[in-house]
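Let the hints inform the model, and build the full structure from the sequences given.
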Amino acid sequence: MSNVEAKKVTPRASAKTVTTTGGGFSMWVKLTLAVISLFFGILTPPLFTRAEEAATTTNDEDTASTPSGTEECTTNPDGTSSCAYSTLGSSDTLFPCNEDILDQYLHEDAVPGYHVVCFSAAHNPEKAAKDFLQVTYYLEGFRNKTVTQTFPKFKGKFSWKHIKFGLERKLKLEMKEWMDGFQPWAIFTPLGQRVIDAGVDDPETDDLILDVLLRFQTVLVYEGGQFIWPGVKENFLRPVNLYSIMPMGDLSNRPDQVVTLRTLSLHPLVIVVEDFLTSEECDYIQKIAEPDMEYSNVVLRDDDHGRPASDFRTSQSTFVRSTGDPTLLDIEFRTASLVRVPRQHQEDVQVLRYGPGEKYDHHHDYFDPNAYQNDPDTLEAIDNGRHNRLATVLWYLSEVEQGGETAFPRYENAVPMTMQDCEAGIKVKPEKGRVIIFYSLLPNGKPDPLSLHGACPVEEGVKWAANKWVWNVPREFIHKVEYRQKEE
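With the numbering used here as the guide, the letters of the sequence shown map in order to residues 1 to 488.
Source of the hints: derived by calculation from the structure; they are not laboratory data. Do not rely on the hints blindly, as some may be mistaken.
25 Å max Cα-Cα, derived DSS-like pairs, lysine-lysine [as the list claims (entries may be wrong)]:
| id | residue 1 | residue 2 |
| --- | --- | --- |
| 1 | Lys446 | Lys233 |
| 2 | Lys172 | Lys446 |
| 3 | Lys164 | Lys153 |
| 4 | Lys429 | Lys170 |
| 5 | Lys170 | Lys153 |
| 6 | Lys170 | Lys145 |
| 7 | Lys155 | Lys145 |
| 8 | Lys233 | Lys429 |
| 9 | Lys153 | Lys172 |
| 10 | Lys432 | Lys164 |
| 11 | Lys172 | Lys145 |
| 12 | Lys145 | Lys233 |
| 13 | Lys172 | Lys161 |
| 14 | Lys287 | Lys429 |
| 15 | Lys446 | Lys145 |
| 16 | Lys170 | Lys157 |
| 17 | Lys145 | Lys157 |
| 18 | Lys287 | Lys432 |
With beta-carbon atoms standing in for the labels, derived distance ranges [as the list claims (entries may be wrong)]:
| id | residue 1 | residue 2 | range |
| --- | --- | --- | --- |
| 19 | Tyr295 | Asp377 | 42 to 50 Å |
| 20 | Asp368 | Pro474 | 16 to 24 Å |
| 21 | Thr136 | Lys287 | 16 to 24 Å |
| 22 | Asn370 | Pro152 | 41 to 49 Å |
| 23 | Glu290 | Pro449 | 14 to 22 Å |
| 24 | Asp103 | Pro356 | 39 to 47 Å |
Keep in mind that this is a model prediction, so the values were computed, not measured. Think of the CB as a built atom: it goes at the ideal place given N, C-alpha and C, for glycine as much as any other residue.
Written as structure tokens, this is what we have:
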């Protein structure tokens, strides 16, 4: 058992703290992103109004180390020299591709479906095509696995269609177009704003798209098409300014709130956030949910049909809608900003109460289509696996005197002895106001079997908690699943 089993999840090693500079996006960037969003509706509209997390760096001097217009020349393996420079100037580059930035997004191991990509304009006077675009790929987010491509201008300008083709070839994304059960890939800024996805290659927007990519310089590619916070390493700390950058469609004028994401585990990816909810919010959710609490149901897999829900879980629960409730609505916006996925992807919150001895056996929150072959309604609701739960944001609404931890028994590929085993892997102690994010899908869109989790029996006291399930598709696609959970 890992030492995070302690009543507070405690770090095992000193973690690198990432600081945030105080600068904001230039009006040029806001206008450019807004214009592209009018064409395709794929970018985050609130960049127009609130986008103050401009660049994340631990050394302000590094971001200004290269004056605008200067060249840095290196000798290539073939003996030629390459002189690269940012045509925008470092003062305009939001996430320069330097060590301070890369340290916040690269991993020591490969992450399937996740790629860090750096764009920069370059110049080589010894080549016929003197001006070209240089693209560096950190494959699978792995620090030691890089590939570089160069793209000359086409008819006097850079072509996003050609660059996209090269990107798909290098990252082997073209294969996904022929695979069923997966969402199309997408590019995001390091702060989780969707920039562009696989379906966009309109020549009329080439200049806008490439200007944005060069302005950000460092971007993240997710084969599964949805943003997932990079874990980097255990105990990695990442400050996140809530509400400053809202996901697409979630306009908010709420005041800023900075929280710190701490990576508890990489396999599965589990992130801890302290004080996400206020004590008053926790009490309020308990109060409005309590009159409707009933013993919980489950959506049964094929192998479990005919068994009572109490074989798996003995908690009480109810679903609560945010319609007409400013408190819940605010928390939904906050949750959307936390995970950088639109609020329209959230299910109604499920409030849970565990009394002494009550528990929920280990299970996955995603729907494996292979386990529901005799359940056509569920298969239709999840589109045979194409639509699925991306992440769970688990809110802890109370302290628990003893027991009631959330267990991840397959931490680092551990194997639990039973589906009730609370000794394998790691456990998170409930603390009022704390939330954890754990991801059911990998960045490549495939389910993560290591996300197996359960609620350990409460030994003393009462545990209140709530689930916010976040899908990889908007809400209109998941009503059938929500309905089945509430009615069964």
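**Request:** Any hints from earlier that this structure breaks? Give me their numbers in increasing order, please.
**Result:** Failing hints, ascending: 4, 7, 10, 17, 19, 21 and 23.
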